[in-house]
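Going line by line, the protein sequences match chains A and B.
If you count the first sequence from 1, you need to add 10 to reach the numbering used here.
If you count the second sequence from 1, you need to add 53 to reach the numbering used here.
Calculated from the structure, these hints are not laboratory results.
One or more of the hints may lead you astray.
One-sided excerpt, in silico: chain B residues whose CB lies under 8 Å from chain A [said to hold, decoys possible]:
| # | residue |
| --- | --- |
| 1 | 59 |
| 2 | 97 |
| 3 | 115 |
Please read these numbers as outputs of a predicted model, since none were measured by experiment.
Glycine included, C-beta positions come from ideal geometry on N, C-alpha and C.
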Amino acid sequence: MDEGLAARDFRGRLKAVLATDDDAARLDGLRLLADSAPGYVGTIQLDKALAGVAPEAVDKRLTRLRVAILSSATIDHLLPGLRVAAMRSGFCFEVFAGAFGQYRQELLDPATRLQAFDPEVVVLSLSARALVGALPIDAEPEHVEQLLQTEIAEVRGLWGAARQRFGAIVLQQTYIDTFEPLFGSYDRIAAAAPARVIARLNDILGHAAREDGVALVDAAGASARDGIDAWFDTARWLHGKMEIAPQAARRWGELTARVVAAQRGRSRKCVVFDLDNTLWGGVVGDVGIEGLVLGEGSAAGEAYLQMQRYARRLKERGVILAVCSKNEPTVAEQAFSRHPEMVLKRSDIACFVANWQDKAGNLREIARTLNIGLDSLVFIDDNPAERARVRAAFPMVAVPELPEDPAQFVRAISDQGYFEAVSFTREDSVRAASYAANAQRETLRIAAQSMDEFLRGLDMEVVYGPVSDLELERATQLINKTNQFNTTGRRYSAAEVARLAADPDSIMLQFRLADRLGDSGLVSVMILRSSAADATELDIDTWVMSCRVFGRQLEDEAMNIAVEQARAKGSHALSARFVPSGRNGVIGDLFRNLGFESITGTGTACEQRWQLTVARYEPRQTFIRRAGERS
Amino acid sequence: MSESDVLATFTRILRDLLMDDSIVLKTDTRRPDVPNWDSFAYVSFIVAAEGELGIRFNVAEVESFETVGEIVAAAMARLR
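The whole structure should be built from the sequences, with the hints applied where relevant.
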């Protein structure tokens, strides 16, 4: 379809959506249109239409966030793409656009407009053009290195300012190489050549980001993949100092929104595969295990192998794998155990559903078994009818279009950026196994005569103690990513978590839960802080718990431990608050169930306050053993 | 593509951009004549027009266009 036709088609669909009176339906319509990869003008139209949706409808479906974009270049043309991408990720961004080149002043000068805006997220989009332009081509390598280190040290100062002044999450865009080669291939070697300078700059930036717990938006990587012409346009730079071309606005918005979503724990958690013609070629029920197209020796067989290797890599980085296939269960399982070329093993699949029932219903069952939301699922199926059926039943499940050629499957899935991450810890690499164990626990629970029998049979053990340096990254990740069991929704950077962990007036506890089916790792963090009003009172500032251990009494045992710690510290009372976020309803009765009393008169629709007198606390009976306090 | 085709295409692009179906561009239309056609919308218009017609204006032209007719003429020179 040529661009004119595409624009007219988009226009017609947009008009139909805008004609809807119901704001919620209009928002859903806009989200669907945003999925259809609109062009630059289409994105601007969607953004305008989004601004016209009633705030109540927005609040019901999207999470609001104040996001400041600060840049050394012009960025106004990037904002529509960012807001539209945010909508696709379940957010509504209120955006502050920094003035051209004013990023330092805006962050460092307390009298700027940014102060009033009070950003929750700060995105720094900096250009390397000035730096590279000022560097003599014959500069000594040591001099170049020193200059680059100084540049990044300054950037780190800005990160610190954003965190200190606003407590904001910081995202740093990588430097894009917009320069033409100077020597040619030798640019990779010459210390002061643009290509070498920018590669080194991004390298230093990556180390600094890791140390400071800042997330990167890898525009450099994306522009290298897409080709620099898709990202940089000299004419736009000359006209309006746009370092990112308007044509790349949607892509930049997608990259940025994905990283924000990942920071907030909204990346997809699980990928559900169909089997026939998705993980292998052919229908196993028709051609038998011997007849499957899979493995070395043919290009088609290797394409499916490539798909399985990709799935395996996803599992290794913490994405849960599940299967949902219309097949005889025994035949489908035998393909896993008997086909010699299978890369994926049955044990890689946390939840395996093969039957002849409706796939939408099966997906709901998979989400329930794994105790994750349908909005955490990605569904991969070669059959367009199945994809359409699932999309219609569950719009929150991500269902990518697959090309007809299996050779392109991996690229099609990877391009969607479903599994964006901002950290990677040991817990992530064993998470898939942990979910598989959970699916086994679910089977045990159903078989058990009573809940008590089930819990006793698990032989659970808790390990708890302060958060050590080695656990900082995981604890920070848990605090920032947890949406369901999260009492206050407070978010902390790694540096803040480290400070709280070392603060003698605070108690930061981490809990690990293990049972005979496996070790779930560090699954809960509680931060207790001295109350400003009353030194003998501790306030539960933050309490988060992974959904993997819900319903296993860990909240009871954790409270037993917390009360003991409070008592040892000489505290007489624990106070707590529950801040409804729209996603933490599962713990709406948590404090009441734990014996806290509601503080009447202080509760509001946005916050409930609770209190517990330590002396009157009745320890909760649980089936969890203490493995001892680790210090 | 005739001059009037190009003019119609420009009208449609600007209507989409500003979400205003009352816009009708003529060869003597100037930017201030169209409500909300500010400098940001102008750059967006150029981007969209270049993309849709598959042409590139040079930077000096983009800086000096006064009327829609001049943009149409510059486009026609490249479409011929």
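Unsatisfied constraints (hint numbers, rising): 1
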